[in-house]
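Asks: Following the hints, put chain E in place on chain U, whose structure we already have.
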Amino acid sequence: EAQVTQNPRYLITVTGKKLTVTCSQNMNHEYMSWYRQDPGLGLRQIYYSMNVEVTDKGDVPEGYKVSRKEKRNFPLILESPSPNQTSLYFCASSLRKTGMNTEAFFGQGTRLTVV
Amino acid sequence: AQTVTQSQPEMSVQEAETVTLSCTYDTSESDYYLFWYKQPPSRQMILVIRQEAYKQQNATENRFSVNFQKAAKSFSLKISDSQLGDAAMYFCAYRSGGYQKVTFGTGTKLQVIP
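For the record, the sequence lines run as chains U and E. Its first residue numbered 2, the first sequence is counted upward by one per residue in our numbering. Its first residue numbered 2, the second sequence is counted upward by one per residue in our numbering.
These aren't lab readings, by the way, just hints derived from the structure by calculation. Where hints are given, some of them may not hold.
Restricting the straight-line Cα-Cα distance to at most 30 Å, the calculated cross-link-like pairs of lysine-lysine (DSSO-like) are [stated by the list, open to error]:
1) Lys-19(U) with Lys-66(U)
2) Lys-72(U) with Lys-19(U)
3) Lys-72(U) with Lys-102(E)
4) Lys-19(U) with Lys-70(U)
5) Lys-18(U) with Lys-70(U)
6) Lys-71(E) with Lys-110(E)
7) Lys-102(E) with Lys-58(U)
8) Lys-102(E) with Lys-79(E)
9) Lys-102(E) with Lys-70(U)
10) Lys-72(U) with Lys-18(U)
11) Lys-102(E) with Lys-19(U)
12) Lys-58(U) with Lys-70(U)
13) Lys-58(U) with Lys-74(E)
14) Lys-56(E) with Lys-79(E)
15) Lys-102(E) with Lys-66(U)
16) Lys-71(E) with Lys-56(E)
17) Lys-58(U) with Lys-18(U)
18) Lys-102(E) with Lys-56(E)
Quick caveat: nothing in here was measured; it's all calculated off a predicted structure.
Just chain U, same shape as in the assembly (with noise of 0.2 Å):
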C-alpha cells in the first residue's frame, strides 16, 4: 500500500529537548516536505527536499532541520525546541516531475506539544 508514515503519532516534551519526528515513503517519490497546521493559518511549509541531500527552507524554517541522507526518509529535528513550536505537523510527498497533475500524498500527522 502506497503511503507516508510519521512516527511519533503523538509527543509531549519539555522546551531544549531535542527530537525528531521521522517521515517514510514507499512510493520512491523524489520531492519531500514537512508542513505545520495552526488554527486559522492552514499549511504552512517549513522544510522540503527536491532529492537526496538536496533539501531547502520554506516559509517557517526557524527552529527546525531536516536532512534527506536516503530517498525514503525525511526526519524533522528540533535541536532545542520552544512552546510555539506546538502544533500538528505534517509530512507530504511526491513525484518531482512538473508538467504532470501529481497530488501530494500526506502522513497522518504528528501532535506535537512543548510545554
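Replies: Quick look at chain E alone, frame taken from chain U:
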C-alpha cells in the same frame, strides 16, 4: 509569491442539500494546478478533487465538483447531496506547474446538520 484565500472560516449545510466553498488565489503564472483537500477529525489529509489550469472544463468527482474561473482566479468547491461524512475541514491548495511547493488556504470548517 502565490497566495490562497478561503474567506469562509465556517460553513454549515443541511444533510442532502448543496453547499459551495469559496477559494480565490493570486498568481502571475499560467501553468498551475489547484486542489481541494478534506481533513476529517482523524486529521488525515484526503485529496477531494484537482483541476489543471489549462483545462477549461470543470473537474467533477461524484458529488464533488468545482467552478474554476481562471480569469477571476476563483476555484470554488460544490458538494451536492451533502452527507454526514462530509463534515470536515476543507483546504484549497495551489501548486505551480514548474515547482512542487503547495500553498494552502486557511481552511473552511464544514458542518453537516442532520
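Asks: Looking at the structure, which of the earlier hints fail to hold?
Replies: Hint check: nothing fails, all pass.
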